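S.K.: Sequence:
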Amino acid sequence: PDALREALTHSYIRNVETGKRLRVNIGKAQGEALRDTLAKTIYARVFDSIVKVICTSLQMPRGGMGPSVGSSQATSPVDQQRYIGLLDIFGFEDLATNGFE
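Numbering (my numbering), first residue to last: 276 to 376.
Worth flagging that the hints you see were computed from the coordinates, not collected in a lab.
One should not assume that every hint holds.
Computed spacing ranges between beta-carbons, pair by pair [stated by the list, open to error]:
no., residue 1, residue 2, range
1, ALA282, GLN334, 36 to 42 Å
2, THR284, ILE359, 37 to 43 Å
3, ASP311, ALA278, 16 to 22 Å
4, CYS330, GLU292, 51 to 57 Å
5, VAL328, ARG298, 37 to 43 Å
6, LYS327, VAL291, 53 to 59 Å
7, ARG320, ASP277, 20 to 26 Å
8, ILE317, ARG289, 35 to 41 Å
9, TYR287, ILE359, 19 to 25 Å
10, PRO276, THR316, 30 to 36 Å
Fair warning: this is a prediction, and the values are worked out from it, not measured in the lab.
For every residue, glycine included, the Cβ atom is placed at its ideal position computed from N, Cα and C.
Starting from the given sequences, assemble the full structure and let the hints guide the process.
M.R.: This is the structure:
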C-alpha cells in the first residue's frame with residue numbers, strides 16, 4: 276500500500292548537473308489520472324484472462340464428436356473450435372438510462 280501510494284502521488288527526476296534524485300509531488304489531478312489508468316489496466320487484464328479461460332474451456336478435445344445426430348452435417352469426429360465473444364462497453368454504466376444493463 277505504501278509503495279502504491281508513493282507511485283500515485285510522487286514522481287522522481289534526476290538533476291542533470293548534480294545527479295541527485297528529486298522527489299516531486301505530482302498533484303491531485305495527475306494522481307487521480309494515474310489511479311484511473313492503473314485500475315483500467317488491471318480490469319482489462321483480468322477481463323482478458325477470464326475470456327481466455329472461458330474460451331479454452333470450451334475447446335473440444337481432438338477427435339471429439341461433431342454436430343448432433345439429425346443435423347445436416349456429418350457426425351464423424353472433427354476438430355471443432357468453439358469460442359465466446361464478449362463485448363465490454365466502457366461508460367454505459369454511468370448513463371441514467373441505457374439498454375445494455
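S.K.: Starting from the hint 16 to 22 Å, judge whether the C-beta atoms of ASP311 and ALA278 obey it.
M.R.: holds (19 Å)
S.K.: The hint says 53 to 59 Å between LYS327 and VAL291; measuring C-beta to C-beta, is that right?
M.R.: Roughly 45 Å apart at Cβ, these two residues miss the hinted range, so it is violated.
S.K.: Between the beta carbons of CYS330 and GLU292, is the distance compatible with 51 to 57 Å?
M.R.: About 55 Å separates the Cβ atoms of CYS330 and GLU292, which means 51 to 57 Å holds.
S.K.: Could you check the hint for me, namely that ARG320 and ASP277 are 20 to 26 Å apart, CB to CB?
M.R.: holds (23 Å)
S.K.: Evaluate the given range 37 to 43 Å for the C-beta pair formed by THR284 and ILE359.
M.R.: Since the Cβ atoms of THR284 and ILE359 sit about 40 Å apart, the hinted range of 37 to 43 Å holds.
S.K.: Could you check the hint for me, namely that ALA282 and GLN334 are 36 to 42 Å apart, CB to CB?
M.R.: Roughly 39 Å apart at Cβ, these two residues keep to the hinted range, so it holds.
S.K.: If you check the beta carbons of PRO276 and THR316, does the distance land in 30 to 36 Å?
M.R.: Violated: the Cβ-Cβ distance is about 18 Å, outside 30 to 36 Å.
S.K.: Measuring from beta carbon to beta carbon, are VAL328 and ARG298 in 37 to 43 Å?
M.R.: holds (41 Å)
S.K.: Within 35 to 41 Å or not, the Cβ separation of ILE317 and ARG289?
M.R.: violated (29 Å)
S.K.: Using the beta carbons of TYR287 and ILE359, state whether their distance is inside 19 to 25 Å or not.
M.R.: violated (43 Å)
In the structure shown, a violation is registered for the earlier hints numbered 6, 8, 9 and 10, in ascending order.
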